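A.B. asks: Sequence:
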Amino acid sequence: MAGILTADIDAPLAATLGVVTTLDSILAGIPDLVDVWRTDATHIGRDANGRVSTWTGGIHGRQFVQTAAARQPLYIAGTGVDFGDAAVARGTMTLSGAAIGQMATGSIGLRVMLEVQDETVDSQTIAGQDLNATGTGVVRIAYRYVSAGLGNYVRGQIGGSSMDIDMPAAVRDAMIWMTISGGAASMTVNGVAAAAPLTVANLNLPTFAIGGARDASPALAGAISGICIAGSILTANQRAAVEWAMRNAI
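Residue numbering for the sequence shown follows numbering that gives the first Met the number 0, starting at 0 and increasing by one per position.
Treat the hints as calculated values from the structure; they're not laboratory data. All values reported here derive from a predicted model rather than from experimental measurement. For every residue, glycine included, the Cβ atom is placed at its ideal position computed from N, Cα and C. Incorrect hints may have been included.
If you anchor each label on the Cβ, the simulated ranges turn out as follows [claimed, not checked]:
id, residue 1, residue 2, range
1, Pro205, Ala67, 31 to 41 Å
2, Val115, Val191, 29 to 39 Å
3, Gly181, Gly159, 34 to 44 Å
4, Ala69, Thr20, 22 to 32 Å
5, Asn189, Val115, 10 to 20 Å
6, Ala47, Pro167, 21 to 31 Å
7, Gly182, Ala47, 23 to 33 Å
8, Thr198, Arg45, 28 to 38 Å
9, Ser180, Ala239, 13 to 23 Å
10, Thr119, Ala194, 34 to 44 Å
11, Ser180, Ala98, 28 to 38 Å
12, Ser95, Ser231, 40 to 50 Å
13, Gly28, Val145, 34 to 44 Å
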């Protein structure tokens, strides 16, 4: 009988024979993570009318909700949650549960998809909170249209200050990040950074809406295929994992 060849191998965890880290474990390891929302169908709740009533995060189960049928967006497999195709006008959803509150350090990431007809619609607020009525200012991420192929941009606005990043003509897939740390807020779109950060102590987010800056003011003509909110600055590996999750609904 042939002998059995054996060998003792002692490999550190970081070596080739170490532990394989899963996507969910990377996402769950993000400090102070509110949640990551992806557009796989298992996390999309729909009412009898087929429209989206809940969008549940994949790590902590946090939900964006909309109970008003007229404001419910449409779920399109392979695209995302389409806020420009609500039953009446456009849709919005708001974050339920514990408030984000005063965020002095944090990250907000969104992947936004615009169809050809959406690109020429101006003043599309993608997400944030409009609290002017209560005197606490505006925090919002918006798309602005100026003219065909010229001057279209994504705007990050905090109070009366804003930072803009150009969107090249025919680019309708935007990976947007707004971050705040050390008294400054910055923004990137598809890896391009705003020219200068905004000096701000925190982002005041007692509530947070997507599809507009508040539930009563829908504004986004396009779709969102992923969201990440965390009370921390993500590492390069964490951000890459989040962006992969936003682009791949599995």
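A.B. asks: For each hint, tell me whether it holds in the structure or not.
C.D. replies: Evaluated hints:
no.	hint	in the structure
1	Pro205 with Ala67: 31 to 41 Å	20 Å, violated
2	Val115 with Val191: 29 to 39 Å	22 Å, violated
3	Gly181 with Gly159: 34 to 44 Å	21 Å, violated
4	Ala69 with Thr20: 22 to 32 Å	43 Å, violated
5	Asn189 with Val115: 10 to 20 Å	18 Å, holds
6	Ala47 with Pro167: 21 to 31 Å	41 Å, violated
7	Gly182 with Ala47: 23 to 33 Å	48 Å, violated
8	Thr198 with Arg45: 28 to 38 Å	43 Å, violated
9	Ser180 with Ala239: 13 to 23 Å	19 Å, holds
10	Thr119 with Ala194: 34 to 44 Å	25 Å, violated
11	Ser180 with Ala98: 28 to 38 Å	20 Å, violated
12	Ser95 with Ser231: 40 to 50 Å	22 Å, violated
13	Gly28 with Val145: 34 to 44 Å	41 Å, holds
Checked against the numbered hints listed earlier, the structure breaks hints 1, 2, 3, 4, 6, 7, 8, 10, 11 and 12; every other hint is satisfied.
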